[in-house]
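Protein chains: 2
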Amino acid sequence: MKKIKVRTSTSYDIYIERGLTKNCGDIIANIVKTRKIAVISDNIVDKLYYDTIETSLQKNGFTVSKFVFPAGEASKSIETLNQIYTFLCENNITRSDCIIALGGGVVGDITGFAAATFLRGIDYIQIPTTLLAQIDSSVGGKTAIDLPCGKNLVGAFKQPKCVICDSNVLSTLSDEIMSDGMAEAIKYGMIRDAELFELIASHKLENVNEIIDDIVYKSISIKRDVVENDEFDTGERMILNFGHTIGHAIESYYNYQTYTHGSAVAIGMCMITEKGCEKNVLDKLINCVNAYNLPHYCNAPISELLKLCANDKKRESNYINYILCKKIGQASIHKVCITEFEKFILN
Amino acid sequence: MKKIKVRTSTSYDIYIERGLTKNCGDIIANIVKTRKIAVISDNIVDKLYYDTIETSLQKNGFTVSKFVFPAGEASKSIETLNQIYTFLCENNITRSDCIIALGGGVVGDITGFAAATFLRGIDYIQIPTTLLAQIDSSVGGKTAIDLPCGKNLVGAFKQPKCVICDSNVLSTLSDEIMSDGMAEAIKYGMIRDAELFELIASHKLENVNEIIDDIVYKSISIKRDVVENDEFDTGERMILNFGHTIGHAIESYYNYQTYTHGSAVAIGMCMITEKGCEKNVLDKLINCVNAYNLPHYCNAPISELLKLCANDKKRESNYINYILCKKIGQASIHKVCITEFEKFILN
Numbered sequence: 281m282k283k284i285k286v287r288t289s290t291s292y293d294i295y296i297e298r299g300l301t302k303n304c305g306d307i308i309a310n311i312v313k314t315r316k317i318a319v320i321s322d323n324i325v326d327k328l329y330y331d332t333i334e335t336s337l338q339k340n341g342f343t344v345s346k347f348v349f350p351a352g353e354a355s356k357s358i359e360t361l362n363q364i365y366t367f368l369c370e371n372n373i374t375r376s377d378c379i380i381a382l383g384g385g386v387v388g389d390i391t392g393f394a395a396a397t398f399l400r401g402i403d404y405i406q407i408p409t410t411l412l413a414q415i416d417s418s419v420g421g422k423t424a425i426d427l428p429c430g431k432n433l434v435g436a437f438k439q440p441k442c443v444i445c446d447s448n449v450l451s452t453l454s455d456e457i458m459s460d461g462m463a464e465a466i467k468y469g470m471i472r473d474a475e476l477f478e479l480i481a482s483h484k485l486e487n488v489n490e491i492i493d494d495i496v497y498k499s500i501s502i503k504r505d506v507v508e509n510d511e512f513d514t515g516e517r518m519i520l521n522f523g524h525t526i527g528h529a530i531e532s533y534y535n536y537q538t539y540t541h542g543s544a545v546a547i548g549m550c551m552i553t554e555k556g557c558e559k560n561v562l563d564k565l566i567n568c569v570n571a572y573n574l575p576h577y578c579n580a581p582i583s584e585l586l587k588l589c590a591n592d593k594k595r596e597s598n599y600i601n602y603i604l605c606k607k608i609g610q611a612s613i614h615k616v617c618i619t620e621f622e623k624f625i626l627n
Numbered sequence: 281m282k283k284i285k286v287r288t289s290t291s292y293d294i295y296i297e298r299g300l301t302k303n304c305g306d307i308i309a310n311i312v313k314t315r316k317i318a319v320i321s322d323n324i325v326d327k328l329y330y331d332t333i334e335t336s337l338q339k340n341g342f343t344v345s346k347f348v349f350p351a352g353e354a355s356k357s358i359e360t361l362n363q364i365y366t367f368l369c370e371n372n373i374t375r376s377d378c379i380i381a382l383g384g385g386v387v388g389d390i391t392g393f394a395a396a397t398f399l400r401g402i403d404y405i406q407i408p409t410t411l412l413a414q415i416d417s418s419v420g421g422k423t424a425i426d427l428p429c430g431k432n433l434v435g436a437f438k439q440p441k442c443v444i445c446d447s448n449v450l451s452t453l454s455d456e457i458m459s460d461g462m463a464e465a466i467k468y469g470m471i472r473d474a475e476l477f478e479l480i481a482s483h484k485l486e487n488v489n490e491i492i493d494d495i496v497y498k499s500i501s502i503k504r505d506v507v508e509n510d511e512f513d514t515g516e517r518m519i520l521n522f523g524h525t526i527g528h529a530i531e532s533y534y535n536y537q538t539y540t541h542g543s544a545v546a547i548g549m550c551m552i553t554e555k556g557c558e559k560n561v562l563d564k565l566i567n568c569v570n571a572y573n574l575p576h577y578c579n580a581p582i583s584e585l586l587k588l589c590a591n592d593k594k595r596e597s598n599y600i601n602y603i604l605c606k607k608i609g610q611a612s613i614h615k616v617c618i619t620e621f622e623k624f625i626l627n
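Chains as they are written, first to last, in my numbering: chain A, 281 to 627; chain B, 281 to 627.
Mixed in with the good hints, there may be bad ones.
Any copy will do: because identical chains look the same in the list, a pair fits if it lies in one copy or spans two.
[Said to hold, decoys possible] Below, simulated BS3-like cross-link-like pairs (lysine-lysine); rule was C-alpha separation at most 25 Å, straight line:
hint, residue 1, residue 2
1, Lys-623, Lys-587
2, Lys-313, Lys-615
3, Lys-587, Lys-282
4, Lys-555, Lys-302
5, Lys-316, Lys-587
6, Lys-431, Lys-316
7, Lys-316, Lys-615
8, Lys-555, Lys-313
9, Lys-564, Lys-606
I should point out that these hints are in silico values taken from the structure, not numbers from a laboratory.
All chains, full assembly: derive it from the sequences and hints.
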């Protein structure tokens, strides 16, 4: 079993091993004092993995209750959050008990936020079941829900007690969901690790399973390094936004329908690289995203995307930060005023 | 002008002076960089003080928007919170802007929680307009909303950028609301400051205005000292719960209708003092609470109150903490299992 230690305001370990969900109870019993656990999941993941998890938890003496909501981004709402709070109340979850987030990014984000705020904060554990959740959203302590006026507009920083990554669960994912996660893996290679990039670029979606353990381990390690240096997202952590400035605008322009997060990030990475980097970097990047069925351009008018970048609710004052990787494996942050960013993109 | 510095994870000042609301803009302009502010208030306080505050803010170059909800505990709900989020979105409040909580405990608690979670945390300022809010809820960074199954069950720790206390605003309070706050002032005397207790005990509700500035300053100082030593409520901060273990049970038994928070705390202080302290301490305490129109007993069956103490959702595992002041000005924390607490009370 591999273990990655995350040293943030509260430290924790990420455990990585094939088949680990079957033994999750053994790990959790060593980490929490309580023997009462509430599992939050969505209806798809619940059917696939809840029984395995429950069995392992019960074998370790845990009393387990569960709350399941419909899969999909629409559930990452204040309404679902309210239902989770009610469930936690009805099951008498106290400050000394623990919640498990069993699922992808939506489950992890909303469960983490419930854990951050119920009784002003109780312990939670991440068992991420998509590639995107394993290498991105379950690591780093960002939790959130969406509002009708935008994604992730309400949230908190709350580190989990541990993260349990079982790459076996990735085998049940559709090609589209797998591609979605690969965009973030490619991003990690681009911003910090040329070797990881080359490894990914030398494979494709059809045979990525051969190297997926390596990808998960290396991606998480990079995210861990960045998050440890900037837990509360005030500086270096921004390099994780490579491809995301324009990517978020693309998702928003298409009302989160046409492109997955990963597809939008892939396009965003290619667009910003086209503007600010040499052609050989761009060519390598385009070949790589295409090998994972990810797009490298879209037809949204650039002027509309720029408007959405400027209106980003999470932006500060009149400045925008964008990330460039002039060499593969090396990212830099560029803080410019919005008009300068527009000139850069329209150039 | 008096100033009390609070050294918590983020430090801030509490400004105390009669008439300060008229000049709040001058103070705030020195503390925040933004010139865009959203004020959250209730319909009663809005009518009394919003215009004064707006004028002072505008004079200092601020653009001000406001959201007003119906006064009362029923508004401290997830529904009002959702309305506040929508208001903040619609007014394009960004991470670099600021929110003001203008009102009593309900306004302060829900506004603080909105500030703690909107965009994962933006700045907020407290302008408390009740005695209870000035000496208790606005200091210490506890924010919360209620759930149908209990009060303050969802929340976060979030320190304000500053607190602005103007004791002139207390003159518009009804006797009942004033008494409500005096219970907490008496509590501060009991747990930490025999002199403050004597000062309060030598006056009564009718002439408390003569010493109210002193009471506010000393009470806040005590709360500041306690909070600085235990910001996240894992130890010493529990002494602030003197009278609250039973007080909360009384509020809950009467469905938060019959007794105000302060009245319930007054009864709670007297009940626990009767059980664990000498008669001269109890007599002094009873005389003091009575001088401020606060009750010292109620008719709720003790067995029912004990059940509610045991079911307190915010309690940890099988233990309960209660606070005793064997000498006026000196509090001690007693952690016992629930059955032992029952024996102590029924004795």
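So, going through the hints one by one against the coordinates:
1. With identical chains, the CA atoms of Lys-623 and Lys-587 are at most 25 Å apart within one copy only, with a shortest distance of 13 Å there and 67 Å across copies.
2. Within a single copy, Lys-313 and Lys-615 get their C-alpha atoms only as close as 45 Å, which misses the 25 Å cut-off; across copies the closest is 19 Å, which meets it.
3. In this assembly of identical chains, Lys-587 and Lys-282 lie within 25 Å of each other by CA distance neither inside one copy nor across copies; the values are 44 Å within and 47 Å between.
4. Taking the shortest alpha-carbon separations for Lys-555 and Lys-302, neither the intra-copy value of 47 Å nor the inter-copy value of 52 Å comes in at or below 25 Å.
5. With identical chains, the CA atoms of Lys-316 and Lys-587 are at most 25 Å apart between copies only, with a shortest distance of 21 Å across copies and 48 Å within one.
6. In this homomeric assembly, Lys-431 and Lys-316 come within 25 Å of each other (Cα to Cα) only across copies, at 23 Å, whereas the closest approach inside a single copy is 32 Å.
7. Taking the closest pair of Cα atoms, Lys-316 and Lys-615 come within 25 Å of each other only across two copies (22 Å); inside a single copy the shortest separation is 47 Å, beyond that limit.
8. For the identical chains of this complex, Lys-555 and Lys-313 are neighbours neither inside a copy (53 Å) nor across copies (33 Å), given an alpha-carbon limit of 25 Å.
9. Proximity of Lys-564 to Lys-606 under the C-alpha cut-off of 25 Å is restricted to the intra-copy arrangement: shortest distance 12 Å within a copy versus 75 Å between copies.
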